[in-house]
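Dock chain F against the given chain C, drawing on the hints supplied.
2 protein chains.
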Amino acid sequence: MQSIIQALTWREATKKFNTEKKLTEEQLDTLLEAARLSPSSFGLQPWNLIVVSDPEVRTKLREVSWNQPQITEASRLFVFAAQMPTPELVDAFVANISATRGTPLESLAGLSQMIKGSLEGKSETERLEWAKKQAYLALGVTLTSAAVLGIDACPMEGFDPAKYDEILGLTERGLHTTVIMAVGFRIAAEAAIASQKVRVPRENLVIEI
Amino acid sequence: MQSIIQALTWREATKKFNTEKKLTEEQLDTLLEAARLSPSSFGLQPWNLIVVSDPEVRTKLREVSWNQPQITEASRLFVFAAQMPTPELVDAFVANISATRGTPLESLAGLSQMIKGSLEGKSETERLEWAKKQAYLALGVTLTSAAVLGIDACPMEGFDPAKYDEILGLTERGLHTTVIMAVGFRIAAEAAIASQKVRVPRENLVIEI
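Protein chains in written order, with this note's numbering: chain C, 1 to 209; chain F, 1 to 209.
Chain C extracted, bound-state conformation:
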């Protein structure tokens, strides 16, 4: 019962990564699988995860991220990018249900219509904001998984999303950089002097009805 609390207490928004220590292939694979298993509204998964390893690309990204060292010093940079939920995305989703479960496509027509109708009820801005929220949900699943695995991470909002889209070539893919997470291992010496975690007291956060 307490191991999840220990993991969440251990985790920190890692500022100084050990540049010598890289994720193993198995660790990277596990994190990507955790991200993939993240739930989303309708199950639509309206986002992509860009795993940036290339040092030159990361140098460019750091320049549009307030020069934060995590961008280049972590083992990997994860970029969660929301995808505008189009009717085509819904079609692909429904086709995937049909293929995975062996359900005839015709019997999924009602589901497809329901999802499309829900999306049509939103403005374009609202649709993209909705997709971004699903990306934040996936971020929460992925960073909790990292903590359980003893992998350090730093979720970050301090960057220029439009420049990220440009540098990573996301615009032509219909993707919108939403939130990023540097992944790797903290420098132990730095960890020892890390500041105490600050959280609002339970009674200010939780309302019981």
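Because the hints were derived from the structure by calculation, they are not lab data.
Model, not experiment: these values are computed from the prediction.
Keep in mind that the hints are not guaranteed to be accurate.
Given that identical chains are not distinguished, each listed pair holds provided it fits within a single copy or across any two copies.
[To be verified] Once the Cα atoms are required to be at most 20 Å apart in a straight line, the calculated EDC-like pairs of lysine to aspartate or glutamate come out as:
(1) K60 - E73
(2) K22 - D54
(3) K15 - D160
(4) K21 - D54
(5) K122 - E157
What follows is chain F alone, placed relative to chain C:
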């Protein structure tokens, strides 16, 4: 390494809860602590978690949630409600840092100004959307924690947020219902016939650069 993947594979958006089986106090406490430990941008935690147990209130909520049975049948209903990030919230946050770490308040003036400046750069709509994203991040942390603990959950968007705010008295607290999660235990017989999880294949979700 594989236990987190097992937990995330085991979890499902539980539709049929066992109405006889309730969370223990320790389980509830652990989930609330996991939520409280969730990271947020700047650490501001601009949301509250409403734990709804009252059967009458839940009956009213079900009526504005497409009559979905999880609302009343789960052991508890968690309501994540975004809080408009005001200068007062920033002041309370900075005071909490000062109290937790013993840092003089004066030396945190720069941080306070930086956060307030960042929030002032957003419209009111953008500020609230930003807070809602932090609530989705907390949802991701909480539902992953539930999965690790073997506790079932159903994250849900299908409800009328304005009616929730009214029924739960959130408007006068400056809170905005964002996303909800029914929490409890699935009916095992239903679980046995649960459909296979559908997720986009890795190669369609992950882009490597």
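Evaluation of the provided hints:
Taking identical chains as interchangeable, the C-alpha atoms of K60 and E73 lie at most 20 Å apart only when both belong to the same chain, with a minimum of 13 Å there against 51 Å between chains. Taking identical chains as interchangeable, the C-alpha atoms of K22 and D54 lie at most 20 Å apart only when both belong to the same chain, with a minimum of 14 Å there against 49 Å between chains. With identical chains, the CA atoms of K15 and D160 are at most 20 Å apart within one copy only, with a shortest distance of 19 Å there and 40 Å across copies. Taking the shortest alpha-carbon separations for K21 and D54, only the intra-copy value of 16 Å comes in at or below 20 Å, while the best inter-copy value is 50 Å.
In the homo-oligomer, the alpha carbons of K122 and E157 lie at most 20 Å apart only across protomers (14 Å), although the nearest pairing inside one protomer, at 25 Å, exceeds that limit.
Checked against the numbered hints listed earlier, the structure breaks none of them; every hint is satisfied.
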